[in-house]
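> Residue strings, one per chain:
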Amino acid sequence: MSTETSPWEEHFGSRENQSKAAQLGMWIFLGSEVLLFTNLFVGYAVYRYYYPDVFVEASKHLEVGWATVQTLLLVTSSLFVALAVHYIRQGRQFLTALVLLVAIGMGVGFLGIKGWEYWKHWTEGALPGEYYRLAELPEQGASLFFTLYFLLTGLHAVHMLVALGLLGWLVWGAVSGKYTAEYHIPVEVGGLYWHLVDVFWLFIYPLLYLVE
Amino acid sequence: MAEKKKSTWGYVAVWVVLVVLTVVTWVLGTKVKLGPYSLPASLGIAVVKTVLVAMFFMHLVEQRGTRRVVLPVSVLFLGLLLGVSLLEAMTRIRMARPDGIDEELEPKRPASTRTTPPGTGPEKPRWMGN
Numbered sequence: 597m598s599t600e601t602s603p604w605e606e607h608f609g610s611r612e613n614q615s616k617a618a619q620l621g622m623w624i625f626l627g628s629e630v631l632l633f634t635n636l637f638v639g640y641a642v643y644r645y646y647y648p649d650v651f652v653e654a655s656k657h658l659e660v661g662w663a664t665v666q667t668l669l670l671v672t673s674s675l676f677v678a679l680a681v682h683y684i685r686q687g688r689q690f691l692t693a694l695v696l697l698v699a700i701g702m703g704v705g706f707l708g709i710k711g712w713e714y715w716k717h718w719t720e721g722a723l724p725g726e727y728y729r730l731a732e733l734p735e736q737g738a739s740l741f742f743t744l745y746f747l748l749t750g751l752h753a754v755h756m757l758v759a760l761g762l763l764g765w766l767v768w769g770a771v772s773g774k775y776t777a778e779y780h781i782p783v784e785v786g787g788l789y790w791h792l793v794d795v796f797w798l799f800i801y802p803l804l805y806l807v808e
Numbered sequence: 436m437a438e439k440k441k442s443t444w445g446y447v448a449v450w451v452v453l454v455v456l457t458v459v460t461w462v463l464g465t466k467v468k469l470g471p472y473s474l475p476a477s478l479g480i481a482v483v484k485t486v487l488v489a490m491f492f493m494h495l496v497e498q499r500g501t502r503r504v505v506l507p508v509s510v511l512f513l514g515l516l517l518g519v520s521l522l523e524a525m526t527r528i529r530m531a532r533p534d535g536i537d538e539e540l541e542p543k544r545p546a547s548t549r550t551t552p553p554g555t556g557p558e559k560p561r562w563m564g565n
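Same order as they appear, the protein sequences are chains A and B.
Counting the first sequence from 1 gives a position; the working numbering is that position plus 596.
Counting the second sequence from 1 gives a position; the working numbering is that position plus 435.
Check before you lean on any hint, since a few could be wrong.
[Claimed, not checked] Okay, derived cross-link-like pairs now, DSSO-like style, lysine-lysine, Cα gap no bigger than 30 Å in a straight line:
#, chain 1, residue 1, chain 2, residue 2
1, A, 774, B, 441
2, B, 468, A, 710
3, B, 468, A, 656
4, A, 710, B, 466
5, A, 616, A, 774
6, B, 441, A, 616
7, A, 716, A, 656
8, B, 466, A, 716
9, B, 468, A, 716
10, A, 656, B, 466
11, A, 710, A, 656
[Claimed, not checked] Listed next, with one range per pair, are the computed distances between beta-carbon atoms:
#, chain 1, residue 1, chain 2, residue 2, range
12, A, 715, B, 501, 38 to 46 Å
13, A, 747, B, 496, 28 to 36 Å
14, A, 661, B, 521, 29 to 37 Å
15, B, 516, A, 688, 41 to 49 Å
16, B, 501, A, 726, 40 to 48 Å
17, A, 690, B, 521, 49 to 57 Å
18, A, 747, B, 479, 20 to 28 Å
19, B, 496, A, 690, 24 to 32 Å
20, B, 504, A, 731, 47 to 55 Å
21, A, 721, B, 533, 18 to 26 Å
22, B, 471, A, 761, 36 to 44 Å
23, B, 454, A, 659, 15 to 23 Å
24, B, 497, A, 719, 41 to 49 Å
Think of the hints as simulated: they come from the structure by calculation, not from any bench.
Idealized CB from N, CA, C, for every residue including glycine.
Work out the full structure: start from the sequences and follow the hints.
Here's what the structure looks like:
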């Protein structure tokens with residue numbers, strides 16, 4: 597490793613300190629992400645309390661089978677991202693890039709299913725707020741359900757896009773040999789972000805698709 | 436940092452548990468109707484899955500001190516905001532509820548135009564979906 601391209605910064609004092617600082621920074625960012633989603637989850641809880649029956653009926657309009665497939669895709673992609681961290685800790689750059697690419701493929705599959713579902717909602721008029729025109733359900737309550745549905749899944753999908761870009765950048769870094777068994781902080785903290793986006797879906801899935 | 440020989444089977448085992456729990460959530464939610472217990476059951480499973488992902492996939496189990504408490508603290512604040520907001524919603528007077536205003540105005544309207552707002556009819560009150 598030549599000095600001018602070294603990823604290690606002197607001001608951290610030690611390599612271990614630099615790694616710990618990066619980890620702490622990422623965990624604080626993840627904590628702020630939890631608080632961001634908290635607002636939507638609280639809004640969901642309050643309106644589900646007010647319109648319990650409508651939420652049950654509206655939930656039946658969603659594709660629960662495909663949502664289960666999406667959950668399995670995300671959980672499996674998380675395994676591959678965990679494996680990427682595992683492999684880069686051993687310095688196996690090619691395997692790291694390979695498992696990250698598998699995870700990216702699953703993430704793209706997830707967004708593909710999501711996009712198809714959005715198109716279905718568009719055609720049947722299950723849209724947020726004033727654009728709601730699905731006559732089978734009472735507008736009061738159901739429009740709120742779909743507003744929360746689009747906000748929760750939409751914010752999650754935006755996070756997926758960012759996380760996919762991040763994984764792509766990590767693949768490039770692993771292939772170009774930037775990450776080694778000694779230095780792989782971006783893989784560690786980038787992986788954390790992917791797992792958190794997965795965790796949000798673990799709650800969105802039962803809350804939106806399995807209301808009874 | 437550099438761990439030389441550590442098996443990948445630990446991760447695969449966690450993944451198997453996550454897949455099983457996902458299928459259990461789906462079966463409980465679509466085949467077995469748990470009624471009032473469905474929300475606590477599905478959320479309980481989601482919490483277990485989250486703990487597994489955080490501890491092993493996110494390696495929270497390896498972290499010490501501040502790095503370990505940041506995420507639990509954010510979850511604490513989630514619980515506070517959720518709990519207090521729900522308490523407020525559950526203890527409102529009828530008129531102050533978004534679905535309550537119609538019921539209050541109901542007797543003043545002709546019977547032919549009366550509609551029962553969803554979830555506020557004469558049937559037994561439901562608790563978060565049940």
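> For each hint, tell me whether it holds in the structure or not.
Cross-check of the supplied hints:
Between the alpha carbons of residue 774 (chain A) and residue 441 (chain B) the distance comes to roughly 23 Å, so the proposed pair stays at or under 30 Å and holds. Between the alpha carbons of residue 468 (chain B) and residue 710 (chain A) the distance comes to roughly 26 Å, so the proposed pair stays at or under 30 Å and holds. For the suggested pair residue 468 (chain B) and residue 656 (chain A), the alpha carbons sit about 14 Å apart, so the restraint of at most 30 Å is met. Between the alpha carbons of residue 710 (chain A) and residue 466 (chain B) the distance comes to roughly 24 Å, so the proposed pair stays at or under 30 Å and holds.
Under the criterion of a C-alpha separation no larger than 30 Å, the hint pairing residue 616 (chain A) with residue 774 (chain A) is consistent with the structure, at around 19 Å. Distance restraint check for residue 441 (chain B) and residue 616 (chain A): the Cα-Cα separation of roughly 21 Å lies within the 30 Å cut-off, and the hinted pair is therefore satisfied. Between residue 716 (chain A) and residue 656 (chain A) the alpha-carbon distance is near 14 Å, which keeps this suggested pair within the 30 Å criterion. Proximity of residue 466 (chain B) to residue 716 (chain A) is assessed by CA-CA distance (about 24 Å); at most 30 Å being required, the pair is judged to hold.
A hinted pair counts as satisfied when its Cα atoms are at most 30 Å apart, and residue 468 (chain B) with residue 716 (chain A) qualifies at roughly 27 Å. For the suggested pair residue 656 (chain A) and residue 466 (chain B), the alpha carbons sit about 13 Å apart, so the restraint of at most 30 Å is met. Among the hinted pairs, residue 710 (chain A) with residue 656 (chain A) is consistent with the structure: their alpha-carbon atoms are about 16 Å apart, no more than 30 Å. Remark: the range hint 38 to 46 Å for residue 715 (chain A) to residue 501 (chain B) is upheld by a beta-carbon distance near 44 Å.
Against the hinted window of 28 to 36 Å, the Cβ-Cβ separation of residue 747 (chain A) and residue 496 (chain B) comes to about 33 Å, which satisfies the hint. For residue 661 (chain A) paired with residue 521 (chain B), a C-beta distance near 30 Å keeps the hint of 29 to 37 Å intact. In this structure, residue 516 (chain B) and residue 688 (chain A) meet the distance hint of 41 to 49 Å, their C-beta atoms being roughly 43 Å apart. The supplied range of 40 to 48 Å is met by residue 501 (chain B) and residue 726 (chain A), whose beta-carbon atoms lie about 45 Å from each other.
Hint check: residue 690 (chain A) to residue 521 (chain B), Cβ distance near 50 Å, so the stated range 49 to 57 Å holds. Between residue 747 (chain A) and residue 479 (chain B) the Cβ separation comes to about 25 Å, which falls inside the hinted range of 20 to 28 Å. Checking the proposed 24 to 32 Å range against residue 496 (chain B) and residue 690 (chain A) shows it holds: the Cβ atoms sit about 28 Å from each other. Taking the beta carbon of each, residue 504 (chain B) and residue 731 (chain A) are about 50 Å apart, inside 47 to 55 Å as hinted.
As the Cβ distance of residue 721 (chain A) to residue 533 (chain B) is approximately 22 Å, the hint placing it in 18 to 26 Å holds. Separated by about 42 Å at the C-beta atoms, residue 471 (chain B) and residue 761 (chain A) satisfy the suggested range of 36 to 44 Å. Range check, residue 454 (chain B) to residue 659 (chain A): about 19 Å between beta-carbon atoms, so the 15 to 23 Å window is met. Taking 41 to 49 Å as the suggested C-beta distance range, the pair residue 497 (chain B) and residue 719 (chain A) conforms, at roughly 48 Å.
When held up to the earlier numbered hints, the structure conflicts with none and fits them all.
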